[in-house]
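So the sequences go chain by chain: F and W. Residue 1 is where the first sequence starts when you use my numbering, and the numbers rise one by one after that. Residue 1 is where the second sequence starts when you use my numbering, and the numbers rise one by one after that.
Read the hints as simulated data drawn from the structure, not as lab findings. Remember, predicted model here, so these are calculated numbers, not experimental data. We put the beta carbon where it would ideally sit given N, CA and C, even for glycine. Do not rely on the hints blindly, as some may be mistaken.
What the hints assert, rightly or not - Below 30 Å or equal to it, Euclidean Cα-Cα: the simulated DSS-like pairs (lysine-lysine) are: (1) W:Lys460 / W:Lys91; (2) W:Lys154 / F:Lys185; (3) W:Lys154 / F:Lys139; (4) F:Lys185 / F:Lys26; (5) W:Lys245 / W:Lys460; (6) F:Lys71 / W:Lys154; (7) F:Lys71 / F:Lys185; (8) F:Lys139 / F:Lys26; (9) W:Lys154 / W:Lys460.
What the hints assert, rightly or not - Listing some non-contacts, in silico: residues in chain F with all C-beta distances to chain W over 12 Å: (10) Glu53; (11) Ser131; (12) Glu153; (13) Ala157; (14) Ala197.
What the hints assert, rightly or not - Here are the simulated distance ranges between beta carbons: (15) F:Asp142 / W:Gln139: 46 to 56 Å; (16) W:Ala525 / F:Gly171: 32 to 42 Å; (17) F:Asp45 / W:His127: 22 to 32 Å; (18) W:His127 / F:Gly86: 17 to 27 Å; (19) W:Asp549 / F:Gly86: 22 to 32 Å; (20) F:Ser126 / W:Gln139: 19 to 29 Å; (21) W:Gln216 / F:Arg189: 55 to 65 Å; (22) F:Ala146 / W:Gln452: 53 to 63 Å; (23) F:Glu87 / W:Asp549: 30 to 40 Å; (24) W:Ala525 / F:Leu186: 46 to 56 Å.
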Amino acid sequence: MSTSRATPPDAAVTKPDPATLVAALKRATPARTPYTEVRFSGMLDRPLILHGELEYSGPGRLGKRVDTPYKEQTTITDGSATVQRGERAPRTFSLSQAPELEGFLRGFTALLGGDAASLQRDFELSASGTSAHWQLQLKPRDSRLARRISAIEVDGAQDTPRCFRTHEGDGDLGVLLVDTLADTKLTTRPTPGQLDALCRGIETR
Amino acid sequence: MRLIRSRRSVFVLLSGWLLALAALAVFAIHGLHISTDLRSFMPPPQTPDQKLLMDQIGEGPGSRLLLLAIDGAPETRLADLSRGLADAVRKDAAHFSLVVNGAFDPAAFDDALLPYRYLLSPTLDTHTLDASYLGDQLQQRVEDLGSPAATLLKPLLARDPTLETLVLAEHWSPPKPPSLRDGVWFSAEGAALLLTETRGAGFDPAAQGAAIDALQAAFHALPDVGTAHLEVSGPGYFTVMINAKTRGEADRIGAVSTLGFIVLLLLAYRSVPSLLLAALPVLSGGLAGIAALALLFGSAHGITLAFGFTLLGVAQEYPIRLLSHRRAGEDALTSVRALWPLLATAIASAAIAYLAFFASGVGGLQQLAVFTIAGLLVAGLSTRYLLPRVLPSRFRDVAEIPGIATAMRLVDRVPRPRWLPWLLLLVSLLALWRAPGSMWQNDLAALTPVPQDMLIRDAKLRGELGAPDVRYLLVLKAADADAMLALSESVATQLDALVAQGALDGVELPSRYLPSAATQRARQAKLPDRATLATALADASRDLPFRTDLFDPFLADVERARSLPVLSAEAFAQSPLGTRLASMLVQREDGALGLATLSGVHDAQAIEAFADTTQGHVRLLDLKAASESLVIAYRERILRALGLALVLLCATVVVALRSLRRAWHVIAPMSLATLLVLVVERGCGISLSLFHLVALTLAAGLGLHYALFFERPVADAAEARRTLHATLVCVISALLVFGMQALSSLPVLRAIGLTVALGVGFHFCLSILMARERRR
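Model the full assembly from the supplied sequences, consistent with the hints where possible.
Right, dumping it as structure tokens:
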């Protein structure tokens, strides 16, 4: 894995450096984007598709609003997550109760914060593609996290990530489409293969 | 020749004595178990409340709770420490039976208990496992799978799609739980809060000290403790803290006054060997007392021993009398023979008087009597038969000390109007009649007060944790454990109404943890059979994305729950989840008692009024009132014993002196002086406690000596001067030791010190005034 910071200015044709890639992802806070999330689970015989908005407001702080098919607001701050659903009382739980979740969210917000150093503490990074269509792969270093999450793949173009694919240890897969991909029309039962192609930009525009 | 042989025999005798003391000490230390449990000190309980108090004192669910707060680090760090400490405490089953910090511990539900969740949870009282309820639940689970909580809930989902285990965990959290942050309880100030229940009794300082040490050790063994610190509060902590403080101050005062005492004796007798040897009779008496307790009882309460050593203070007078009454040209044995009849009278009358304590029937008082009688007899006999034989033959006749003659003249010149004692008596009775405040202090805890700031901190923590009140318990009485649980269920709504009215903040009923068999059966009857449930489930998940056979483990669990035998209180109390119930359940020969804890009691009368409507099935137990009634009962027995002791004492003195008139001169000043102490203390608004009574008894014992010796007809002026010298040494040493205690900041030491110091002063003055009167 390369951690070299001395990257040539023209990285378009060479293999992209993950640290440089990550550093370029830094968003001004608060950063908002619509999203479409598709979850494939062994418990479900068809994927769960959610639409809503993500809000990144600084390291360790993330908001996720679900608009359809139901309404929900999740707020993650300082190591705890609060889930508010309709009129029900909010439920709060600690991320350290689920270290895998904590590691995942740390990685996720470090990515949005462009914080390559902290990302590399938790994950092994590798990159491929070109600056127009790059791919970043995150493999958890912590074995407990690795048991729950085998890898996170991020696809993007220039300084914008567009697709996050989370491969969970039990075979479940979560695909998060953001930015320009968020509004993609999907079939009612998309397959992981279709989404894979979508993320890699094979079928885009 | 005689001198040489006597030297050798002195050496042999002294070595033998010291060896015997060493052997006695070894026996006493190994033979006597010193108990710190208040129960071994208290009188036998009479009322049902007292009986329950004796069972529950320090063992009730409330008093065994320690409140913990972790502070001094960032919140997420504190939450980790809270979880780490809870894990460590959970493993320390020797000290703790329970620990809660707000975090849900799914591991607590073992496989065997898991199907019982539908019988334990109130869900089925209001819902049925039909298609509409399951549909609503499953829709929520879909949403859960889409949320970050998915990883947490996925392991539970297939077996428990209604998340009944979480419902139960919530149902079992305290009535008013603190706010959950980062998954654990936090105070408003941002400290992580935990609650532990110790195995040891709340008022047992040894057990609580060990538990608190274990807590601190476990806390500091956690990784990255850093600047964080653990604060402990609760009855057990107070017990430990006060015990240490009392012991520390008593030791300090003891050290200073012992030093003063040594200087005083050196000044009085100018002889180091005499000083060292004079300590032997009291030492012998103390060890003999402990040995007697070890032989007869095997154990004694710490307070009994403290009282005993206080009362044994009289014995220090015996060697002092012997040292002061030695006359020039006479060996110590001859001196002691002249002194013995009077000394024997004093010892015998005191020992006979303490027999009254033995007859009291109170364990603590009987032990006190055995200790004191054995101690006084051994101290007296060793002063008579051993001490004179080992004292150095060279000494100074105190009658020749110049100052003594002057003092004697002063004492002789004091006017002694015969009306004065009567006037004093009259004024005393009037003053006692008009004295402010209540006569008796019934709250033993008032003598060992917990510092105000600690009480405030405790109340704050207690409020935040919703931890139960230590003072009140609701006692549910029924024929057996299940009937008690049914009773608990039947009163729940009325108690909730009382909570709504504001009479109290919360109640924790045993049925919250385990429903009665009837309720469990009713819930069981509502569970659908496998086919019905499968149909309902298929119906409910028709439009949902769940895999068809996903919930098979759920179907199996419900099927098992349908045929389970209901969970009994005994079985549940054995399980890790049942610890809370176990501490609320008392099995007795005549049935079962349930102890419901109350928190934030504002209106005890309203709760009492409700309890009155239950035909005695539910009672509000006021632990404070019950313990005060025990103290009153104890005091009544002490007073009765003291009355009897006074009669025995008078009879012994009359018989020994063979004269009513002479006996009067001894007993009158002693009685009046005791009365004067009472007048002064009551005049200052001091309420009298057991400790005051014991101190009064010691002072009276000392006063008896002063009066006896002043009253004694003496052959010459030199002997009168020796008596005065001996008495002065005794009075000054007692004032020194007890005067120091009177200055203590601790009420219990102050009570003893002030009473004895005042007593010694009054006894001395009145003995001069009244006992010597007739002799001129």
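Hint check results:
no., hint, in the structure
1, W:Lys460 / W:Lys91, "holds, 28 Å"
2, W:Lys154 / F:Lys185, "holds, 29 Å"
3, W:Lys154 / F:Lys139, "holds, 22 Å"
4, F:Lys185 / F:Lys26, "holds, 28 Å"
5, W:Lys245 / W:Lys460, "holds, 23 Å"
6, F:Lys71 / W:Lys154, "holds, 21 Å"
7, F:Lys71 / F:Lys185, "holds, 20 Å"
8, F:Lys139 / F:Lys26, "holds, 20 Å"
9, W:Lys154 / W:Lys460, "violated, 38 Å"
10, Glu53, "holds, 14 Å"
11, Ser131, "holds, 31 Å"
12, Glu153, "holds, 18 Å"
13, Ala157, "holds, 27 Å"
14, Ala197, "holds, 23 Å"
15, F:Asp142 / W:Gln139: 46 to 56 Å, "violated, 34 Å"
16, W:Ala525 / F:Gly171: 32 to 42 Å, "holds, 40 Å"
17, F:Asp45 / W:His127: 22 to 32 Å, "holds, 27 Å"
18, W:His127 / F:Gly86: 17 to 27 Å, "holds, 19 Å"
19, W:Asp549 / F:Gly86: 22 to 32 Å, "holds, 30 Å"
20, F:Ser126 / W:Gln139: 19 to 29 Å, "violated, 40 Å"
21, W:Gln216 / F:Arg189: 55 to 65 Å, "holds, 59 Å"
22, F:Ala146 / W:Gln452: 53 to 63 Å, "holds, 54 Å"
23, F:Glu87 / W:Asp549: 30 to 40 Å, "holds, 33 Å"
24, W:Ala525 / F:Leu186: 46 to 56 Å, "holds, 47 Å"
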